[in-house]
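Chemist: Read off the chains here:
Protein chains: 2
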Amino acid sequence: MPQRKLDVVLDSVKRLQRMGATANLVNLLQKQHPADLAQLLSELPDKDRQSAFSLLVERSSRLGMEALSELGPEAGAALLAGRSPEEIVKLTQELASDDAAAIIDYLPEELAAAVLELMQKRPTGGEVGDLLEYKEQTAGRIMNPKVFALSEDMTAGEAIIALQESRDVEMVFYLYVIDARRHLVGVVSLRRLLLVPPSTPLKRIMTTDLISVRADMDQEEVARQVASYNLLAIPVVDEENKLVGVITVDDIIDVIKDEATEDVYRLAGLAGDDRVFTRPTDSLRKRLPWLIVNLATAFLAALVVSQFEGTIATVTALAVFMPVVAGMGGNAATQTLTVIVRGIALGELTWSNSRKALFKEALVGVGNGVACGVLGAAVVWVTQGDKWLGGILAMAMIINMVIAAVAGTLIPLSLRALKVDPALASSVFITTLTDVFGFLSFLGLGTVFIRYLQRAG
Amino acid sequence: MPQRKLDVVLDSVKRLQRMGATANLVNLLQKQHPADLAQLLSELPDKDRQSAFSLLVERSSRLGMEALSELGPEAGAALLAGRSPEEIVKLTQELASDDAAAIIDYLPEELAAAVLELMQKRPTGGEVGDLLEYKEQTAGRIMNPKVFALSEDMTAGEAIIALQESRDVEMVFYLYVIDARRHLVGVVSLRRLLLVPPSTPLKRIMTTDLISVRADMDQEEVARQVASYNLLAIPVVDEENKLVGVITVDDIIDVIKDEATEDVYRLAGLAGDDRVFTRPTDSLRKRLPWLIVNLATAFLAALVVSQFEGTIATVTALAVFMPVVAGMGGNAATQTLTVIVRGIALGELTWSNSRKALFKEALVGVGNGVACGVLGAAVVWVTQGDKWLGGILAMAMIINMVIAAVAGTLIPLSLRALKVDPALASSVFITTLTDVFGFLSFLGLGTVFIRYLQRAG
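Chains A and B are the protein sequences, given in the same order.
Counted the way the working numbering counts, the first sequence spans residues 1 to 457.
Counted the way the working numbering counts, the second sequence spans residues 1 to 457.
Calculated directly from the structure, the hints in this document are not laboratory data.
Take these hints with a grain of salt, some might be off.
No copy is singled out in the list; a pair is fine if it fits within one copy or between any two copies.
[What the hints assert, rightly or not] Below, simulated DSS-like cross-link-like pairs (lysine-lysine); rule was C-alpha separation at most 25 Å, straight line:
1) 135 to 47
2) 135 to 146
3) 90 to 31
4) 419 to 257
5) 47 to 360
6) 286 to 360
7) 356 to 286
8) 14 to 356
9) 121 to 356
10) 14 to 360
11) 14 to 90
12) 419 to 203
13) 47 to 257
14) 242 to 5
15) 47 to 356
16) 31 to 203
Sequences are here, hints too, so could you generate the full structure?
Modeler: Written as structure tokens, this is what we have:
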């Protein structure tokens, strides 16, 4: 819903809540799409959100739970956390098992255990517990175990009848074909089923060359396959190639968005679940460790500067311009790092073509260094009237920007080779390096050529 | 395809190219999926990529062009740029018009014009030109104008026959229903069509409450709608609500990936099309302006430092620790900025809840400032034996980190209100601010309390 329309509805919701006009409020909420309801709920203050959700879920538990699911598992779990395990079991039955599992995983530990125990006693309740057996961020965790499959011995006509009789199968676009022991053997499109005579055996019209993923595959790799092969859904199999679930493209979109956020976040030293409205104490707890690591490295750079205190006392202009050299190295390094990290994430950069990337970035580093160095030297010369100081600034900047380019390429690639997320640790290494080498080159050159520089005072 | 398998095929391709074993090479290439071919091509050196593509497209123009399309429009256009307009027109007919339009848009200007002129003369060639009439990054630009639609006067049985007779309609999951003047009036799912008796009128089973987008809507907004409503495709209409095309979820995935890259890139001051293997001169040209803007702001910060040259000459330890204060402000600001920018991009942060976000970030800023300040002060006290210097560092750091938090929230929100992309300009403003206020607060306090500080030497 466009923001403007949303704001209007939101205002009405708030007004009806203030007036206590429950019946009107429920009427208004029931007319909204679950995705819009989720957005409305997310914009309400905590207490009002809880009461609006309670009203809604009492009248229409399906719609209420769909909206809750659209809110995301963390916010969704928060809305349920005050309820009894029995209520939660009943409400989560309105959801697909993968969505239910994601929410239960975010409930307080004891509550989650109680919910799962109750679920095990129900006929189909074991599904949610089974999903939670898979490791986080794997295909098994995000798949829907309710997958519609056809037996390879069926005919096209029998398949259409089976489809017509099926319930609870919301989105069917690929029809997977299995053998007697549930091994995945083929796929037929709904359209193809309509085009052949009803007596045609499925075996004759199915495609056997199909793409599937193992339940333990990382969700990011699953997303990459769905995206690169333009699929609408991908079947999930166990280690024996038995069909255990299906992942649809809407879940893949969520994965792609989350992984993109993760990349941006890691470059800035943020945890993935540190969002705009995370509680201040939680945000603080999540951000502080990263800042303390940075504080340690900042003191490392300060240690370099302290080696040159004598030089600085003599030529204070060096202290004025040293942050320029360090900062420009940092900016250039961030550019290189971002291109490389994103290239790795999008699968464009691999080991085999990394030498080419390194060579390119080094060249760009030289170019940027020379351009910024010459410009910077000119500014220093004009404003300070000291051409030696300008020359030293230019040289230090070229050195630092080439180091920035090489390190910005090699550090993420090395981390990747060590199976560490390249976005996570790169930026702290890089800024330390560009600070240390920025100060070292500029103040070092300043010390060497000190007799040519203008003294302070 | 997994990287390992890809490397094996890549090695074979290279070997066969060296040996000149054309027939074997074509055989190997023809067995690959277009998406895998695209990845293989992207890993070959420029010359070998050109020759492999030529071989492939000669034998199987459909497969070759599908692979080229998967490479992305820029790289795809580069592979075609050496060919005649006639050849290009013939080859791009293998593609959907939206993919063809994207590629032609990246051809050198004169060549693109010649291609479009030739296309106009063909019966259906006008489509590509029509698509290019829409503004970049709008729904019209990425839609497929070949949309399968049913007339509202049909019955379910007639609709199935129409579907069976349709050609060139690859993915049909929603069947859009139009009136006699092509206005979009409803939608029917294929599954629903199978469930009702053939004589049922479409009017009775179609949903009239359907979500569509205008052709001039920004593609990011289209992606947000498809993602939040979990759609597989969204119909595109003109200003009179006439059906003009359809956007499928695979195109939406590309949009989401591109927009995520754009956000990461803009925070680092990079142009969206500056990728790992962009030519060095192009990358240089794209990155240098941003670095020069940063150079100017770095000199602004240096100007602040230069006001305190006298203080620094007296207490050189101030020069040692001033980058720590400025740098920590920058790190904290980057964290806040990233949370806010991503919150805006994901639609979580709006004007109505921005005060809450500001208050939260300010609180986190105070917390981080106190924690890092106290820790930093302790380090300075222990290593320098100067408790006044430590105290000044702590105070300056608290001031700077609160400024960082407030600015990191307000700057992107203000840019957003001014309709400027918040990711684009925020980071340069922010680092300037944290540098300037870091130096100003630390050196300013140092000047005020100079008689308590230990002198150099």
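Chemist: Look at each hint and say if it fits the structure.
Modeler: Checked hints:
no.	hint	result
1	135 to 47	neither (34 Å within a copy, 44 Å between copies)
2	135 to 146	within (19 Å within a copy, 42 Å between copies)
3	90 to 31	within (23 Å within a copy, 50 Å between copies)
4	419 to 257	both (22 Å within a copy, 23 Å between copies)
5	47 to 360	between (55 Å within a copy, 18 Å between copies)
6	286 to 360	between (36 Å within a copy, 14 Å between copies)
7	356 to 286	between (37 Å within a copy, 19 Å between copies)
8	14 to 356	between (58 Å within a copy, 17 Å between copies)
9	121 to 356	neither (59 Å within a copy, 43 Å between copies)
10	14 to 360	between (56 Å within a copy, 22 Å between copies)
11	14 to 90	neither (29 Å within a copy, 59 Å between copies)
12	419 to 203	neither (42 Å within a copy, 56 Å between copies)
13	47 to 257	neither (29 Å within a copy, 36 Å between copies)
14	242 to 5	between (47 Å within a copy, 23 Å between copies)
15	47 to 356	between (56 Å within a copy, 15 Å between copies)
16	31 to 203	between (45 Å within a copy, 22 Å between copies)
Against the hints set out earlier in the document, violations occur for numbers 1, 9, 11, 12, 13.
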